[in-house]
Amino acid sequence: MNQRTQLLLKPLLISTLLLSVQSFAVPATANKAAPGMELKPYSASYKASIKGIPFGGSGERNLKKNSDGSWTLEFGADAAFFGMKETSHFTLKNHKVVSLDYVYKRSGIGSKPEKEAHFDWNTHKVTWHQDNRQWSMDLPAGAIDNLAYQLQLRIDLSSGKTTGFNYKIADDDEVFERAFIVEGDEIIETDAGKLETIKIKIQRDSDKRTTWIWFAKNWNYFMVKLLQKEGDTEYSIEFKEATIDGKQLTGKI
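Mapping of the sequence shown onto my numbering: residues 1 to 253, in sequence order.
Quick caveat, the hints were computed from the structure, so don't treat them as lab data.
Treat the hints with care, since some could be wrong.
[Unchecked claim] In silico lysine-lysine, BS3-like type, Cα no more than 30 Å apart, as pairs:
(1) K105 with K47
(2) K201 with K51
(3) K105 with K125
(4) K51 with K199
(5) K247 with K64
(6) K229 with K112
(7) K47 with K240
(8) K217 with K229
(9) K65 with K115
(10) K194 with K40
(11) K225 with K252
(12) K199 with K161
(13) K64 with K240
(14) K208 with K229
Bear in mind the structure is a predicted one, so any value in this text is a computation, not a measurement.
Work out the full structure: start from the sequences and follow the hints.
Put into structure tokens, the structure is as follows:
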């Protein structure tokens with residue numbers, strides 16, 4: 001893979017929103033917040049840039065409510081040599097995400113066979129399927145799939161929590177934790193105008209890579225920006241447009 005292709009793919013991988021970062025160990029924290037927001041369906045498109053220079057790849061996210069009351073969250077990214085799609089099927093119980101099924105597809109450079117997971121909360125097992133392979137692992141209480149945990153973060157932010165953003169993620173053959181720190185409120189300029197946001201930092205053991213995410217406080221804590229610094233290079237993901245519960249996302253300041 002040449003250098004240009006590597007640069008093209010990297011921001012699109014970042015746009016899995018909150019990243020497919022490596023696991024990092026953090027202590028579990030009690031989760032005692034007031035009930036958070038009610039989820040609302042949305043559709044959104046995102047753009048990527050490196051050091052402020054736009055790239056031609058695109059990303060889309062969609063959340064819809066199903067007729068049985070469950071939810072489906074989809075994320076997809078496309079570029080000239082790369083494509084990926086994640087799908088999470090889940091339900092909500094007492095403002096907590098309960099994962100049911102998860103699917104990961106990747107095409108083009110680095111393509112892999114489709115991978116599926118089924119979460120069985122009666123047996124507390126998650127079973128994975130990929131090609132002719134099948135494997136299972138224990139499912140601890142509160143574990144979420146690798147896409148839906150991002151919604152749990154939004155729900156917890158809306159509840160007024162300020163600490164304890166630690167999430168158990170069931171992915172492939174392991175369960176690990178991701179943690180986030182609130183850095184404060186910030187008004188940012190976007191394609192939709194100025195937005196009042198809350199700025200979150202991904203907690204890591206290493207300082208080689210730093211990642212921040214901005215959520216729009218007046219728009220159901222929707223993710224509007226992601227910035228990652230790695231050495232002297234910055235990768236940015238920002239939304240181009242979004243519709244939340246039938247309303248176009250616009251600046252409210």
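Each hint tested on the structure:
1. K105 with K47: Between K105 and K47 the Cα gap is close to 20 Å, so the pair holds against 30 Å.
2. K201 with K51: 19 Å, holds
3. K105 with K125: 22 Å, holds
4. K51 with K199: Answer holds: K51 to K199 is near 20 Å, not above 30 Å.
5. K247 with K64: It holds: about 14 Å lies between the C-alpha atoms, which stays within 30 Å.
6. K229 with K112: 28 Å, holds
7. K47 with K240: Satisfied, since the Cα-Cα distance of roughly 6 Å is no more than 30 Å.
8. K217 with K229: At roughly 24 Å apart (the allowed maximum being 30 Å), K229 and K217 satisfy the hint.
9. K65 with K115: 23 Å, holds
10. K194 with K40: Holds. K194 to K40 sits at ~22 Å (cutoff 30 Å).
11. K225 with K252: 16 Å, holds
12. K199 with K161: 13 Å, holds
13. K64 with K240: Since the Cα atoms of K64 and K240 sit roughly 19 Å apart, the hinted pair holds (cutoff 30 Å).
14. K208 with K229: OK: K208 and K229 at ~8 Å, within 30 Å.
This entry satisfies every hint, going by the numbered hints stated previously.
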